[in-house]
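J.: Spelled out, the chains give:
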Amino acid sequence: MYPPRFRYEAPRSLREAITLLQEGGGEAKILAGGQSLIPMLKLRFASPGMLVDINNLPGLDHLTRDGDGTIRIGALCRHEHIERSELITEHQPTIAAAAPLVADPIVRTRGTFVGSVCHADPQGDWAACMIALDGAIVAEGPGGRRSIAARDFVTGPFQNVLASDEIAVEAVIPPPQGEARGGYLKLERRIGDFATAAVAVAVDLRGDQVTRAGIALVGVGGTTIDARDAADALVGSPLSSDAIERAAELAAEAAQPRSDHRGSASYKRHIVRTFTSRILTQIDRSTQKAA
Amino acid sequence: MTSLFNEVAPPASDDVPTRRVTITVNGEPRTADIEPRLLLAHLLRQGLKLTGTHTGCDTTNCGACTVLFDGRPVKSCTMLAVQADGHEVTTVEGLASPSGLHPVQEGFKDEHGLQCGFCTPGMMMAAKALLDENPSPTEDDVRWALAGNLCRCTGYQNIVKAVLWAAERLGGPDTEPETEEAS
Amino acid sequence: MAIDEVKIGGMGARQKRVEDNRFIRGKGNYVDDIVLPGMLHMEILRSPLAHARIRSIDVSKAWDIPGVRLVLTGETLAARNLAWMPTLSYDTQAVLATDKVRFQGQEVAAVVADDPYIAKDAVEAIIVDYEPLPAIVNPDQAMAPDAPLIRDDKANQPDNKIFDWEVGDREGTDRAFTEADHVSTIEMHYPRSHPSPIEACGSVADFDRSTGKLTVYMTSQAPHIIRAAVAMVAELPEHQIRIISPDIGGGFGNKVPVYPGYVISILASILAERPVKWIEDKTGNLISTGFGRDVYLKGELALRKDGRILGVRMHTTSDHGAFFSDAQPSKFKIGLMHSAFACYDIPSAHLTATGVYTNKAPGGVAYRCSFRVTEAMFFQERMVHAAADELGLDQAEIRRVNFVRDDDFPHRTPFGFLTDSGQYTKCLDLGLAAIDYEGFRREQAAAREQGRLLGIGISTMTEPLGAGNSREYDILGIKMFDAAELRVHMTGRAILRTGAKTQGQGHETTWAQIVAHELGIPADDVVVEEGDTDTAPFGMGTYASRSTPVAGAAVSMVARKIRAKARKIAAHLLEVSEEDIEWELGRFYVRSAPDRGVTIQECAMAAYSNVPDGMEPGLENHAYYDPPNLTWPFAAYIVTVEVDPDTGVWDVLRVVAVDDCGVRINPMIVEGQIMGGLTEAYAMANMQFITFDADGNCVGSNYMDYLLPTAWETPGFELHEVVTPCPHHPIGAKGVGECATVGGPAAFVNAVMDALKDTGVRNIDMPLLPDRVHQALTTGQDVSGAPPVDPEAS
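Residue numbers (this note's numbering), protein chains in the order written: chain H, 1 to 291; chain W, 1001 to 1183; chain U, 2001 to 2794.
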């Protein structure tokens, strides 16, 4: 309940922040929403030498949509902002479905989307959405900016590819190839529980043809799982009950769950199958209705 | 809290770096020299003696420490006090106005929305944040908005009623808030 | 003219709570809010291992940290004969480990420092060298012939068994089973749970060397018991010990025992000669303090074809952790487990019980429960449910057939308790009507046609509240009664003190209502104080729903003593003989001239200004109440659910509760208690449990794993009442705080089992996680034991 000592810095510019990170070497941690980092400090699971608080950096709290349909989520955009965004409700169904299921309503006022992706908790909701959406993380370091595909960004439990002097400044979701459809289902025993299992699905449709698909799994492996084969099985043809069943099966195969007090491995795999199928069936039904 | 908190006094030890912060708490600017690791909840409780904000868990689940940070509810055990520098914090002690209790406070008493009282301040702050934005919530709206706050005593039904009671009171054009005595 | 009792906040008034005035302003005064001049802060180092020998403890780095004032280990305590302390069940418990650690989270060392952050830094700097030992995490392992001995500190403890105990009529029960048409057998586990009040435990110990006085502010539901225990453990004179329980952030049984943290903080204050505050964190609370349940049952019912139960056999195996520290009356080893089946008219029953040590936290507290009655009633209602299904009988009918009839009281229960009153069938029928039982059965059948799984669960029970009487009930030899003191001031206002201690139950409001009822003094004119052993009269404390049955009765009795004296004063004022005086609420009058009277307030004034010759002035008194028997509230809980066959997730559709807790002093508060209890029942059935992996690592030691439901999941509750006054309680009340926690869980589980009836599954052990329900649905097999935690198992 009492964090260890650390040096605290609250830079006013990105450049200053990066300089501080360089100074801190591997000992510095970035503090954004803090809804995972501060509990870890309190439990003394983490004891960084320096905290670089980026909450005062200007221009990072944006949530915008470019002319081409690209969605940009700044490093200080809070979960709550996403949950309430009409832009998201209108244009990005996977994110819209996941937003109310992140943590609890009070945590959502403070926690950030990008911070959650960076935290790389295998139970994290947003990393899965980003992978399903073929999203990317833009990082800035001393050498400038680079964009990292979400599926390459997370390298393991609580590990990402950022260098110790890089800051993730933005999450980018590319424009859909047609109409963006998708969903997110999470089995949690109560609000704020970690997922027993969750599934993020994003499907782009042109007419009834699937032009692009992504499926990512939460809580069923050491890290967020990109169920690439399952998604690929959907591309190039219309959604059908056969295609859905096949994708659900492949998603279940991609899961690498372990038994724990939330449920057995076989059950978690079953939930992946069931949720994948449910989301896709829902998309299929609403598409048919629209047609 | 000798080394962690000094309300504008020399730091306890030269070894321990402190920072001077000014936070507007319940409308009043408060300046203090604090260790950066001090949690906002502890600054409020130990430093400013505002013990209405409680801490109930270590893991950001229970919400007993909920306060308003620039008007939005946050768990004050999950923010560093230094982060509040230059910001506004409202605690349960700032809920009532000189003219009387906030309707949420009255509602909790009227509808028996509390028993041991430990979760109550956080619960009321979350409720106030809801009503500030949504003056006429449904029962589901209330249950959803309070899902970051745990209560072990009441079973929530009366808490929900309390918030709906307050919403009605706030919404009624011709109702005057009761005075402290009448509550 | 008689006073309107409801207007003065008397019996039956939905009086708004007076304590709320401070709580809603954030002006409660909990232990962590207490700040004393010069106060130091204490943090505890806990064992990361479940079973290990301590090779060495190196505290040098902790001492190096500026601001550290004391570092305490078992050795420090042993030098003062304080390393071990007695438990509430005649065992011993380590305060700080000296030889071995015996459960994960056990207290190993403590640091006292200028602030808690520094204390925590120093705790982290202590280095303990452990030699790991194999951990025992369940009774089977504990009783294995080659099991490592957990309590090698005790002489005459050759194995890990704590007790074998039995009660009931073995032969008669055997006979019943030979005569039965059908024998129903079921095995279950009631998982380990934790009361988990939102406020954890804590204390501020303040030893004043100049006066020799020790004052301890602490989270105790039973401050007088603590005073006695501290006197014995710390060898301090009892009159120099003052225990103060300020506002308590929920108790639910967790805050009954004496915990090491309290004891260490006391010693620390004596050594440091400064006040020392210890505030337990949530992990410390969940991992080390009094748990509830953790009992295995093998149950058998002997039945006739028509559902009549002829005999009951129960064998329980209980897992008490590393120290036998159950909070329970000393006569009974497995609490009041043998209160099972009290609402049914059954000729014979027999219970055998075995208790074992394991490498788990000690406790066995009465978690919102009168000493294991929660397990008793759960087992009872699950056994009845299973038997009805086996016999093809309706779930309501099997209960009606076996209920004790309204005209059959007093009734001897199968295990020998005496129940006194009740209208069991009326309660059940009211509940069935409320939920439209027949209609639901039709809906359920129609839904089944569409592949939807609906279920309805019934749980009916009467349970014993309000321990003692003192003949049978004591804790560590201290008899279980309670006292109240009432002082009426000259203007007719009053102060009442009792030996109970509210933790949210609203005593400050309710006790004043009893005074209003007995004396006609408005409740608003009575201030209630509890929790300070220097000022409050003796009492056994508040747990096991005993406040209203015992302390509440004492309030009534002391008020009646006051009224008796006031009557004499009234006779004096009215210049008639006492025999000519009549009483109506708030006023004495002359029988032959009802207009001639004096109010209770006028009598109070006279008590200080105009007493009859020879009468002692003043208007105050005290009463000790030793209840003649337990009280026996009844409840019928009915729950409907829908189970998602694809995922095993179940949603609660409706919860109907019919409670007969006798006369309700404040119906609003009673309803609040019932709803709180139902929520814990739902939590236990659905999500709330503590389990351990093979190494004894505790799963459920924080709120990320130990789940309390939020407002979102918690169902709505529909409450109904029946009132059968308790014949021996002065105001006819029976107690209510725990009823719904005791009777509720079986209603939820029975509802899910009813939804799964076609699968042939007879039992899923709690919690009914979606995984476990799904497993039962797909395999048709029972699901037993704690949920898997072994990462390799699947």
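Mixed in with the good hints there might be a few duds.
What the hints assert, rightly or not - The list that follows gives simulated cross-link-like pairs (lysine to any residue, SDA-like), each with its CA atoms no further than 20 angstroms apart:
{"#": "1", "chain 1": "W", "residue 1": "Lys1049", "chain 2": "U", "residue 2": "Pro2037"}
{"#": "2", "chain 1": "W", "residue 1": "Lys1049", "chain 2": "U", "residue 2": "Val2035"}
{"#": "3", "chain 1": "U", "residue 1": "Lys2757", "chain 2": "U", "residue 2": "Met2490"}
{"#": "4", "chain 1": "W", "residue 1": "Lys1161", "chain 2": "W", "residue 2": "Trp1144"}
{"#": "5", "chain 1": "W", "residue 1": "Lys1049", "chain 2": "U", "residue 2": "Pro2628"}
{"#": "6", "chain 1": "U", "residue 1": "Lys2757", "chain 2": "U", "residue 2": "Thr2779"}
{"#": "7", "chain 1": "U", "residue 1": "Lys2027", "chain 2": "W", "residue 2": "Asp1140"}
{"#": "8", "chain 1": "U", "residue 1": "Lys2016", "chain 2": "U", "residue 2": "Phe2440"}
{"#": "9", "chain 1": "U", "residue 1": "Lys2027", "chain 2": "W", "residue 2": "Trp1144"}
{"#": "10", "chain 1": "U", "residue 1": "Lys2479", "chain 2": "U", "residue 2": "Pro2628"}
{"#": "11", "chain 1": "U", "residue 1": "Lys2027", "chain 2": "W", "residue 2": "Gly1100"}
{"#": "12", "chain 1": "U", "residue 1": "Lys2568", "chain 2": "U", "residue 2": "Glu2472"}
{"#": "13", "chain 1": "U", "residue 1": "Lys2479", "chain 2": "U", "residue 2": "Asp2114"}
{"#": "14", "chain 1": "U", "residue 1": "Lys2027", "chain 2": "W", "residue 2": "Gly1027"}
{"#": "15", "chain 1": "W", "residue 1": "Lys1161", "chain 2": "U", "residue 2": "Asp2140"}
What the hints assert, rightly or not - Label-pair restraints from in silico Cβ distances:
{"#": "16", "chain 1": "U", "residue 1": "Asp2644", "chain 2": "H", "residue 2": "Thr211", "range": "49 to 59 angstroms"}
{"#": "17", "chain 1": "U", "residue 1": "Ala2231", "chain 2": "H", "residue 2": "Gly25", "range": "31 to 41 angstroms"}
{"#": "18", "chain 1": "H", "residue 1": "Thr211", "chain 2": "W", "residue 2": "Pro1029", "range": "34 to 44 angstroms"}
{"#": "19", "chain 1": "U", "residue 1": "Glu2449", "chain 2": "H", "residue 2": "Ser240", "range": "21 to 31 angstroms"}
{"#": "20", "chain 1": "W", "residue 1": "Thr1138", "chain 2": "H", "residue 2": "Thr281", "range": "21 to 31 angstroms"}
{"#": "21", "chain 1": "H", "residue 1": "Phe45", "chain 2": "U", "residue 2": "Phe2409", "range": "26 to 36 angstroms"}
{"#": "22", "chain 1": "H", "residue 1": "Thr281", "chain 2": "U", "residue 2": "Glu2179", "range": "49 to 59 angstroms"}
{"#": "23", "chain 1": "U", "residue 1": "Asp2651", "chain 2": "H", "residue 2": "Gly25", "range": "43 to 53 angstroms"}
{"#": "24", "chain 1": "H", "residue 1": "Gly69", "chain 2": "W", "residue 2": "Asn1134", "range": "22 to 32 angstroms"}
{"#": "25", "chain 1": "U", "residue 1": "Tyr2608", "chain 2": "W", "residue 2": "Asn1134", "range": "30 to 40 angstroms"}
{"#": "26", "chain 1": "U", "residue 1": "Asp2524", "chain 2": "W", "residue 2": "Pro1029", "range": "34 to 44 angstroms"}
{"#": "27", "chain 1": "U", "residue 1": "Thr2211", "chain 2": "W", "residue 2": "Glu1088", "range": "29 to 39 angstroms"}
{"#": "28", "chain 1": "U", "residue 1": "Gly2785", "chain 2": "H", "residue 2": "Arg228", "range": "53 to 63 angstroms"}
Hints listed in this document are in silico derivations from the structure and should not be mistaken for laboratory results.
All values derive from a computational prediction rather than experimental measurement.
Just so you know, even glycine gets a beta-carbon here, dropped at the ideal spot from N, CA and C.
J.: All the hints need checking, so say for each whether the structure fits it.
T.: Hint check:
1. W:Lys1049 <-> U:Pro2037: Since the Cα atoms of Lys1049 of chain W and Pro2037 of chain U sit roughly 14 angstroms apart, the hinted pair holds (cutoff 20 angstroms).
2. W:Lys1049 <-> U:Val2035: At roughly 9 angstroms apart (the allowed maximum being 20 angstroms), Val2035 of chain U and Lys1049 of chain W satisfy the hint.
3. U:Lys2757 <-> U:Met2490: Roughly 67 angstroms separates the two Cα atoms, so the pair is violated.
4. W:Lys1161 <-> W:Trp1144: holds (14 angstroms)
5. W:Lys1049 <-> U:Pro2628: violated (48 angstroms)
6. U:Lys2757 <-> U:Thr2779: holds (13 angstroms)
7. U:Lys2027 <-> W:Asp1140: violated (30 angstroms)
8. U:Lys2016 <-> U:Phe2440: With Cα atoms ~37 angstroms apart, Lys2016 of chain U and Phe2440 of chain U exceed 20 angstroms; violated.
9. U:Lys2027 <-> W:Trp1144: Violated - the C-alpha atoms of Trp1144 of chain W and Lys2027 of chain U are around 27 angstroms apart, more than 20 angstroms.
10. U:Lys2479 <-> U:Pro2628: Between Lys2479 of chain U and Pro2628 of chain U the Cα gap is close to 13 angstroms, so the pair holds against 20 angstroms.
11. U:Lys2027 <-> W:Gly1100: holds (15 angstroms)
12. U:Lys2568 <-> U:Glu2472: Roughly 37 angstroms between the alpha carbons, so the hint for Lys2568 of chain U and Glu2472 of chain U is violated.
13. U:Lys2479 <-> U:Asp2114: Status violated; Cα separation ~41 angstroms.
14. U:Lys2027 <-> W:Gly1027: The given pair, whose Cα atoms are some 19 angstroms apart, holds under the 20 angstroms limit.
15. W:Lys1161 <-> U:Asp2140: violated (48 angstroms)
16. U:Asp2644 <-> H:Thr211: 49 to 59 angstroms: At 32 angstroms between Cβs, range violated.
17. U:Ala2231 <-> H:Gly25: 31 to 41 angstroms: violated (57 angstroms)
18. H:Thr211 <-> W:Pro1029: 34 to 44 angstroms: Cβ of Thr211 of chain H to Cβ of Pro1029 of chain W: about 57 angstroms, so the range 34 to 44 angstroms is violated.
19. U:Glu2449 <-> H:Ser240: 21 to 31 angstroms: holds (28 angstroms)
20. W:Thr1138 <-> H:Thr281: 21 to 31 angstroms: Since the Cβ atoms of Thr1138 of chain W and Thr281 of chain H sit about 29 angstroms apart, the hinted range of 21 to 31 angstroms holds.
21. H:Phe45 <-> U:Phe2409: 26 to 36 angstroms: violated (58 angstroms)
22. H:Thr281 <-> U:Glu2179: 49 to 59 angstroms: Since Thr281 of chain H and Glu2179 of chain U have Cβ atoms about 57 angstroms apart, the given range 49 to 59 angstroms holds.
23. U:Asp2651 <-> H:Gly25: 43 to 53 angstroms: Distance hint for Asp2651 of chain U, Gly25 of chain H holds at roughly 51 angstroms.
24. H:Gly69 <-> W:Asn1134: 22 to 32 angstroms: At roughly 31 angstroms between Cβ atoms, Asn1134 of chain W and Gly69 of chain H fall inside 22 to 32 angstroms, so the hint holds.
25. U:Tyr2608 <-> W:Asn1134: 30 to 40 angstroms: violated (56 angstroms)
26. U:Asp2524 <-> W:Pro1029: 34 to 44 angstroms: holds (40 angstroms)
27. U:Thr2211 <-> W:Glu1088: 29 to 39 angstroms: Because 46 angstroms falls outside the window, the suggested range is violated.
28. U:Gly2785 <-> H:Arg228: 53 to 63 angstroms: violated (38 angstroms)
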